Amino acid sequence: QKEVEQDPGPLSVPEGAIVSLNCTYSNSAFQYFMWYRQYSRKGPELLMYTYSSGNKEDGRFTAQVDKSSKYISLFIRDSQPSDSATYLCASTSNDYKLSFGAGTTVTVRA
Amino acid sequence: GAVVSQHPSWVICKSGTSVKIECRSLDFQATTMFWYRQFPKQSLMLMATSNEGSKATYEQGVEKDKFLINHASLTLSTLTVTSAHPEDSSFYICSAPQGYTDTQYFGPGTRLTVL
Numbered sequence: 689q690k691e692v693e694q695d696p697g698p699l700s701v702p703e704g705a706i707v708s709l710n711c712t713y714s715n716s717a718f719q720y721f722m723w724y725r726q727y728s729r730k731g732p733e734l735l736m737y738t739y740s741s742g743n744k745e746d747g748r749f750t751a752q753v754d755k756s757s758k759y760i761s762l763f764i765r766d767s768q769p770s771d772s773a774t775y776l777c778a779s780t781s782n783d784y785k786l787s788f789g790a791g792t793t794v795t796v797r798a
Numbered sequence: 299g300a301v302v303s304q305h306p307s308w309v310i311c312k313s314g315t316s317v318k319i320e321c322r323s324l325d326f327q328a329t330t331m332f333w334y335r336q337f338p339k340q341s342l343m344l345m346a347t348s349n350e351g352s353k354a355t356y357e358q359g360v361e362k363d364k365f366l367i368n369h370a371s372l373t374l375s376t377l378t379v380t381s382a383h384p385e386d387s388s389f390y391i392c393s394a395p396q397g398y399t400d401t402q403y404f405g406p407g408t409r410l411t412v413l
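Protein sequence lines correspond, in order, to chains W and R. So the working numbering is basically just the index in the first sequence, starting at one, shifted up by 688. So the working numbering is basically just the index in the second sequence, starting at one, shifted up by 298.
If you are wondering where the hints come from, they were derived from the structure by calculation, not from laboratory data. The reader is advised that the hints may include incorrect statements.
Per label pair, the in silico range of CB-to-CB distance [as the list claims (entries may be wrong)]: (1) 383/R / 729/W: 20 to 26 Å; (2) 316/R / 743/W: 44 to 50 Å; (3) 690/W / 409/R: 34 to 40 Å; (4) 768/W / 303/R: 23 to 29 Å; (5) 695/W / 381/R: 34 to 40 Å; (6) 729/W / 316/R: 21 to 27 Å; (7) 798/W / 349/R: 42 to 48 Å.
This structure is a prediction, so every number in the text was calculated from the model and none was measured. The beta carbon of each residue, even a glycine, is placed where N, CA and C say it ideally should be.
Construct the complete structure from the given sequences, taking the supplied hints into account.
Below is the structure:
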């Protein structure tokens, strides 16, 4: 069993829609949670970083963590075609080694 | 934000040759760096942890004699794929933690094609 499971998608939404991405994790030692965006043939780019349960907002992006259910979410409001990419959730404990979800490919249609 | 670079961005080599990939932290020092491999349409798989001044730590199933890692300075780690074979063709990405939260920043990746 993978430590981080992610809804594989793919996801296709019209421009302006809300994108909802979800992951679950199994390792209770995980304390830090991240969302990365990866464009084709590029390295992952950090979008959101959080370490506590609750919501964290940054512009059009909201990360949500529920440690009691081991559930991680990312919401993208007012989605744009430039948001089309693969989104990866990741978690880690104190050893800095990241465990990644499989990634969800999102396409925002103009 | 912190910047991590990789060189080369794309390399093609013949089977049996060795290829070196460099990972540099441009505006911060990194005593630890990580090397990942990513196959098409798959997620990143951690290969090894590169430690400045000491030996690298490899994940289970990764051959340390095939994937040589050298952390030469606080800003440079190198991955050498020795005696490369077509099955080693992949996207190799490095990362380095930076800041008080040790947030991981990734390089742009190196695409290796072994003919």
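Could you work out which earlier hints the structure fails to respect and list their numbers in ascending sequence?
3
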